[in-house]
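Trainee: Below, each chain spelled out in residue letters.
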Amino acid sequence: MSLLVAPTALLQHDLTLAWRRRAEAVNPLLFALMVTALFPLALGPEANQLARIAGGVAWVTVLLANLLSLDVLFRGDLEDGSLDQWLVSGQSLPLLAGARLLAHWLATGLPLTLAAPLLASMLGLPEDAALTLLAALALGTPVVSMVGGTCAALTAAMPRAGILLALLVLPLMVPVLVFGAGAVEATLTGLSPLPALLWLASGLALALPLTPLACAAAIRISAQ
Amino acid sequence: MEPATFSMPHWPFVAASYVIFAALIVADLVTTATARRRVLRDLRGRLTRTARREAT
Amino acid sequence: MNPARRRRIWMILLVLLGASVATALALTALNQNIQHFFSPSDIAQGKAPVERTFRLGGLVEEGSIERVGEGLTVRFVVTDRFRLQPAEYTGILPDLFREGQSVVAVGRLRDGVFVADEVLAKHDENYMPAEVADAIARAKTRQASESAAAGGATHPPAPKNGEAPSY
Amino acid sequence: MNALTLWFHRMGSPPTFYAFAERWRPWFLWSGLLLAVFALTWGLFFTPADYLQGESYRILYIHVPSAWMGQFVFAVMAVSGFVALVWRIKLAEIVSLASAPIGATFTAVALATGSLWGRPTWGTYWVWDARLTSTLILLFLYFGVIGLSRAIEDRRKAARAAALLAIVGLVNIPIIQYSVYWWNTLHQPSSVKLLRGDTTIDPSMLWPLLLMAVATKLYYAYSLLSRAQVMVLEQESGKDWVRRLAGAPAND
Chain Y
116 MSLLVAPTAL LQHDLTLAWR RRAEAVNPLL FALMVTALFP LALGPEANQL ARIAGGVAWV
176 TVLLANLLSL DVLFRGDLED GSLDQWLVSG QSLPLLAGAR LLAHWLATGL PLTLAAPLLA
236 SMLGLPEDAA LTLLAALALG TPVVSMVGGT CAALTAAMPR AGILLALLVL PLMVPVLVFG
296 AGAVEATLTG LSPLPALLWL ASGLALALPL TPLACAAAIR ISAQ
Chain U
3 MEPATFSMPH WPFVAASYVI FAALIVADLV TTATARRRVL RDLRGRLTRT ARREAT
Chain C
66 MNPARRRRIW MILLVLLGAS VATALALTAL NQNIQHFFSP SDIAQGKAPV ERTFRLGGLV
126 EEGSIERVGE GLTVRFVVTD RFRLQPAEYT GILPDLFREG QSVVAVGRLR DGVFVADEVL
186 AKHDENYMPA EVADAIARAK TRQASESAAA GGATHPPAPK NGEAPSY
Chain E
922 MNALTLWFHR MGSPPTFYAF AERWRPWFLW SGLLLAVFAL TWGLFFTPAD YLQGESYRIL
982 YIHVPSAWMG QFVFAVMAVS GFVALVWRIK LAEIVSLASA PIGATFTAVA LATGSLWGRP
1042 TWGTYWVWDA RLTSTLILLF LYFGVIGLSR AIEDRRKAAR AAALLAIVGL VNIPIIQYSV
1102 YWWNTLHQPS SVKLLRGDTT IDPSMLWPLL LMAVATKLYY AYSLLSRAQV MVLEQESGKD
1162 WVRRLAGAPA ND
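Each protein sequence line maps, in turn, to chains Y, U, C and E.
Just so we're aligned: the first sequence equals residues 116 to 339 in this note's numbering.
Just so we're aligned: the second sequence equals residues 3 to 58 in this note's numbering.
Just so we're aligned: the third sequence equals residues 66 to 232 in this note's numbering.
Just so we're aligned: the fourth sequence equals residues 922 to 1173 in this note's numbering.
Keep in mind that the hints were calculated from the coordinates and are not lab data.
Treat the hints with caution; some may be incorrect.
Unchecked claim - Take a look, some chain E residues computed to stay more than 10 Å from chain U by CB distance: (1) 937; (2) 969; (3) 975; (4) 976; (5) 1029; (6) 1030; (7) 1038; (8) 1064; (9) 1072; (10) 1088; (11) 1099; (12) 1124; (13) 1125; (14) 1144.
To be verified - Computed beta-carbon distance windows for the label pairs: (15) Y:194 / C:118: 46 to 56 Å; (16) E:1008 / U:11: 49 to 59 Å; (17) C:80 / Y:191: 55 to 65 Å; (18) C:93 / Y:145: 16 to 26 Å; (19) C:75 / U:50: 54 to 64 Å; (20) C:115 / Y:124: 34 to 44 Å; (21) Y:157 / E:1076: 29 to 39 Å; (22) C:112 / Y:149: 36 to 46 Å; (23) C:74 / E:933: 51 to 61 Å; (24) E:1158 / C:96: 35 to 45 Å; (25) Y:243 / C:93: 18 to 28 Å; (26) C:75 / Y:195: 56 to 66 Å; (27) E:930 / U:50: 28 to 38 Å; (28) U:58 / Y:195: 40 to 50 Å.
Given the structure is predicted, the values throughout are model-derived calculations rather than measurements.
Note that CB positions come from ideal geometry on N, CA and C, so glycine has one too.
For reference, chain Y alone in the conformation it holds in the complex (with noise of 0.2 Å):
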């Protein structure tokens, strides 16, 4: 469909540059397991202990490593003129800030997700939580991406935004943090994590159209 030819190209385009730059799209990876490895430190490695807290734990590091990633989505295509570009191509633009969003997922979420399994196991979580986490983490990431995202647009045109981003980022991911995290609390005490599931999953179904539409509005006000 030719609607969808630009997207796929943006998509490609971003996708390599995050290959070539390897090293750096490691980085909130790393982030993540250095921070899970803190905790054990700090706390003392009683596996009573940790396991309780593991949810909480492994959501928030992820959440952070996502936001170290975010605050320069939009920044570098905003100021060599590329977003100026997208606005007058005469492109869908909620497609085209989709497939960048979409980008930042399969370059950060995924690999945080694809982790959880090495969180859950440093933590010392018991086999259930850990797959619990994995779909927790499956979830709720890619509403991280969307939304945080769509904050980054928003402060794109500023050059300082790192705890202003946080500002906006973090309240709205509440809601993600407490279904994630409850999901993994709720197999360690025995419940069923399946609400604070489809939770998320219902988050992720409303995200999806809706965050690219909003995305494009936030690229609109920064670009002008």
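Using the hints, position chains U, C and E against chain Y.
Mentor: This is chains U, C and E only, laid out in the frame that chain Y set:
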């Protein structure tokens, strides 16, 4: 039925709530009033400066 | 149809699709009834975690509150109108902790007794002066005695189907 | 209808709006303050104590109206933000921006008083209950809107960016509203249900609450108009009518 609690007095909590409310409303009042006065004063200052420059 | 309009229609359809899928998933999640605490029945059925801190929720059984010695230790029984669970707490209790009121306690089981580290009293959304509350209570007992006299057995209010008991 | 569109059109002109605000501001302020003093005195001294909570329930007369306002102002902010984004109406941008600090104040009051109420009744100042947590998020969202609008130089661009964030943040409002039904945790469900008619507050305790709800809205109208006036003055500082207002001779 005897309440099985070591009851704490309630009025400090009620009083504190009303005080916090009043304080924040007063703070809001003062902010709006000073902001207005500041803008008008700045404006007046700028206008007299231009007027003086034009006079010379 | 011009491409801009076609694009807009696609967009609206996608948003509607997303919203309906989200609603459907949310409704399924609501039907699952997220549980935030275990009831005495759950404990009786062995559903509550062993050797681990969890939350116990229920009503304080009428006439069950007793003090142990001179200290701050209080023993009471939590009920969900089906099962009873003895509990113990040392410390200052919140004001709303009364017999017949809802509580949420955090702690763990020790020899069949729930030893709480923290007791929180939950209150309902009803506000009324004491006289009104008394009048309602009197009316209820009168009604109960009348219906008992008429031969009808009085049932405790059973929890609605599929819902947690209303504490 | 025609008169209404005409009115909106005229309000779009800054001097007309300024004059309108100047005329009505004191009325909103004094009626709001008087009503609040009246309602709070009534609530403090002339309502009976609750059968269960005793005196501490009187915090309700501050806590509940403030919580309502926290959500109401956010909704106003998002709706006027939407109008600003779609139709580029300057006044809507100003209303959206001016609402943020007022809403943040009311949300802060609701959180602080709720915490003070929680100690004697629940036994704790704070729990991570769904209602409390989502209200805290509301406060952070207000901070985000304020921070974003301060960080962007260009006033109009700032207003549009903040408006978009307010619209995205609007998803939090139904979460706050329904949190007490979706998650059966510590905070009790709503007591006042105007639409469904089964309010669970005794009439003798209800009136001060409703009066406070009106009083806070009047105060909001006052504060909104004042802040909007300041923004209009800043935006229009070069214009003749502002010069006249500042007491300097118009340059002609």
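Trainee: Each hint: holds or not?
Mentor: A quick look at each hint next to the structure:
no., hint, verdict
1, 937, "holds, 18 Å"
2, 969, "holds, 14 Å"
3, 975, "violated, 6 Å"
4, 976, "violated, 4 Å"
5, 1029, "violated, 7 Å"
6, 1030, "violated, 5 Å"
7, 1038, "violated, 7 Å"
8, 1064, "holds, 15 Å"
9, 1072, "holds, 19 Å"
10, 1088, "holds, 25 Å"
11, 1099, "holds, 26 Å"
12, 1124, "holds, 22 Å"
13, 1125, "holds, 18 Å"
14, 1144, "violated, 6 Å"
15, Y:194 / C:118: 46 to 56 Å, "holds, 52 Å"
16, E:1008 / U:11: 49 to 59 Å, "holds, 55 Å"
17, C:80 / Y:191: 55 to 65 Å, "violated, 29 Å"
18, C:93 / Y:145: 16 to 26 Å, "violated, 37 Å"
19, C:75 / U:50: 54 to 64 Å, "holds, 60 Å"
20, C:115 / Y:124: 34 to 44 Å, "violated, 57 Å"
21, Y:157 / E:1076: 29 to 39 Å, "violated, 45 Å"
22, C:112 / Y:149: 36 to 46 Å, "holds, 38 Å"
23, C:74 / E:933: 51 to 61 Å, "violated, 33 Å"
24, E:1158 / C:96: 35 to 45 Å, "violated, 58 Å"
25, Y:243 / C:93: 18 to 28 Å, "holds, 21 Å"
26, C:75 / Y:195: 56 to 66 Å, "violated, 30 Å"
27, E:930 / U:50: 28 to 38 Å, "holds, 35 Å"
28, U:58 / Y:195: 40 to 50 Å, "holds, 48 Å"
In the structure shown, a violation is registered for the earlier hints numbered 3, 4, 5, 6, 7, 14, 17, 18, 20, 21, 23, 24 and 26, in ascending order.
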